[in-house]
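Using the sequences and the hints, build the whole thing.
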Amino acid sequence: MHYYDKREARVKIMHALTEKGWNVFGYKSDDSDSMTDYFSPANWDGIAEKNGFVLVVDNDNTRYSGYEVKKYNYDKNSYKATARIEKLQAMMDDPASTENEKASCVVLIDKEKEKQGIKPTYTIVETYPTFAHGNPKHNNWHIEKDGQIIAKGSGAFAVNSYDWQNEEKTAAEQKSEKLEKFIVKIEKVLSDSDALQAEVIKVAKKVTRPVEKDEKENNRIYEGDILSFSYHGHYWIVNKVYTVGEQVRVTYELLGSEKRGYQRKNNTKRYYQPMERLQKEMQEGKVKVYTLQEVTEFTEKTVFKKTKRTQKVSDSPQIETSKEEEPETVEAEQVSEETTNKATLKINTKKNGLEVKFATKPSDNIISAIKSLGFKWSSRHAVWWAKNTPERLELASRLVDSFNSIIIDANQEDSLESDSESETMEESMSNNDNNVISFNNFIDRRANKSKLTPEQNLKLFTITNILSKEQADELLQHKTVDELFKIVAEPATAIDKYHKERYK
Numbered sequence: 001m002h003y004y005d006k007r008e009a010r011v012k013i014m015h016a017l018t019e020k021g022w023n024v025f026g027y028k029s030d031d032s033d034s035m036t037d038y039f040s041p042a043n044w045d046g047i048a049e050k051n052g053f054v055l056v057v058d059n060d061n062t063r064y065s066g067y068e069v070k071k072y073n074y075d076k077n078s079y080k081a082t083a084r085i086e087k088l089q090a091m092m093d094d095p096a097s098t099e100n101e102k103a104s105c106v107v108l109i110d111k112e113k114e115k116q117g118i119k120p121t122y123t124i125v126e127t128y129p130t131f132a133h134g135n136p137k138h139n140n141w142h143i144e145k146d147g148q149i150i151a152k153g154s155g156a157f158a159v160n161s162y163d164w165q166n167e168e169k170t171a172a173e174q175k176s177e178k179l180e181k182f183i184v185k186i187e188k189v190l191s192d193s194d195a196l197q198a199e200v201i202k203v204a205k206k207v208t209r210p211v212e213k214d215e216k217e218n219n220r221i222y223e224g225d226i227l228s229f230s231y232h233g234h235y236w237i238v239n240k241v242y243t244v245g246e247q248v249r250v251t252y253e254l255l256g257s258e259k260r261g262y263q264r265k266n267n268t269k270r271y272y273q274p275m276e277r278l279q280k281e282m283q284e285g286k287v288k289v290y291t292l293q294e295v296t297e298f299t300e301k302t303v304f305k306k307t308k309r310t311q312k313v314s315d316s317p318q319i320e321t322s323k324e325e326e327p328e329t330v331e332a333e334q335v336s337e338e339t340t341n342k343a344t345l346k347i348n349t350k351k352n353g354l355e356v357k358f359a360t361k362p363s364d365n366i367i368s369a370i371k372s373l374g375f376k377w378s379s380r381h382a383v384w385w386a387k388n389t390p391e392r393l394e395l396a397s398r399l400v401d402s403f404n405s406i407i408i409d410a411n412q413e414d415s416l417e418s419d420s421e422s423e424t425m426e427e428s429m430s431n432n433d434n435n436v437i438s439f440n441n442f443i444d445r446r447a448n449k450s451k452l453t454p455e456q457n458l459k460l461f462t463i464t465n466i467l468s469k470e471q472a473d474e475l476l477q478h479k480t481v482d483e484l485f486k487i488v489a490e491p492a493t494a495i496d497k498y499h500k501e502r503y504k
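Everything in the sequence shown is counted per the numbering used here, starting at 1 for the first residue and increasing by one.
No wet-lab data here; the hints were simulated from the structure. Idealized CB from N, CA, C, for every residue including glycine. Be aware that a few hints might be false.
Unchecked claim - So the derived label-pair ranges between C-beta atoms look like this:
1) K265 x K206: 22 to 32 Å
2) S230 x T208: 15 to 25 Å
3) K71 x T130: 18 to 28 Å
4) H234 x Q148: 48 to 58 Å
5) K357 x E199: 28 to 38 Å
As the list claims (entries may be wrong) - Here are the computed lysine to any residue pairs in the SDA-like style, where the Cα-Cα straight-line distance is at most 20 Å:
6) K305 x I109
7) K269 x E258
8) K206 x G256
9) K357 x N388
10) K280 x S230
11) K286 x K346
12) K240 x K269
13) K175 x F53
14) K185 x E173
15) K371 x G353
16) K301 x F53
17) K469 x K350
18) K346 x E391
19) K152 x L190
20) K6 x F53
21) K188 x F53
22) K265 x K301
23) K342 x L395
24) K6 x A81
25) K102 x I85
26) K265 x H234
27) K350 x A382
28) K188 x K240
29) K265 x L292
30) K213 x L292
31) K113 x Y74
32) K259 x Q293
33) K259 x L292
34) K371 x D401
35) K181 x G153
36) K346 x F358
37) K357 x L393
38) K137 x S154
39) K50 x V11
40) K102 x T121
The following block contains the structure:
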């Protein structure tokens, strides 16, 4: 992309960020004037800040980190001093001037130079936010906080590009859509950062460094040792120890720097000295002997880890309330308990299927009942699913409504008094008649009394779905609900077992 297009993209991003409440730094408006043939387009340095987050666009270095925009207060006296110095210099060089006039000119010139050397004062207009990194490699924007990069990307300049083959949308529409997507991505980083928590960790790194020898081993120099001199810079490696006559000599050459990993260099400087002289300088502290060893260094690094945004009810601090507020708290707990235990039925029109979802894991009897209707468990979507048919839809809706009605009835039985039990049952019967589907419409009234538990009521409902109501009533005269449920657990053999039990 051309430099002018990149500059225009930065300006577009800047205007969009200001609408979202960002503080932008280094913006210059368009001062071009076609009448005078003056070209000075709008520009932006690519630095913005919001809520402690710093956005850096198209800056691969930290030149603008903490940058101060200064406005200098220029003094006219400096220009006057320069003119005075020129006049005094000309007077001093004039052969007609006397010695006293030349001496006075020298004194006046020194005073004017002192005035001229005063540094001009300035006012700081704005200070850029500090950031520790430039744009990473192959990226043209990043967001950082507390010296750590939170997000990065390479789509900043795409906001000023378009597909010329797209006939459905114009170039302006394509650019505006890309700009909006880019700003939404930036804002999402800030919204998701609420779940980030800064944590300082220690990072271990193995490096090779010269380590000084012990005093016992520091009396002798061997090949491969590292030397440092008070009168030489850098490190030097001993490449040879040899004898010439009665004298032992040590040859050493310049070693590579730390960035090179202390590797040997080709065609480098090389010197030699007698061993006795080096040992004497070692005792005086002018020479030190090292060996290259692998050392583990620990550095502290700030890492942002994701935490749960919402707080669980059990983990939230409890607030002490008065006795008058206690009934409201109990009612809220009951409502949440009822809503979390309900089951929902959803028709997936796209896949022509049925999906049943329980808020909590149901009992084994409920699972066997829903399996008898042909539903299978999907661990990926956490729902029970089956192919949508009119018969299965009716039976599944009955199962879901009956399950919810059983949960509500079970919660209400604990709070109702025995005197008003009959009235409440009649009201629930009349209310259920008005609903779409009710469990009490498919089984006998006496089976819905306190003689059966909620699980037995659900078993009885499943039996009436597999068999007819008349067949179920006939078999229940000789079998209990639990025994009959085991017999009809498999719908494929339910009818055969019914005939066997009937004509036994």
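Structure versus earlier hints - violations, ascending order: 4, 6, 11, 13, 17, 20, 22, 24, 28 and 40
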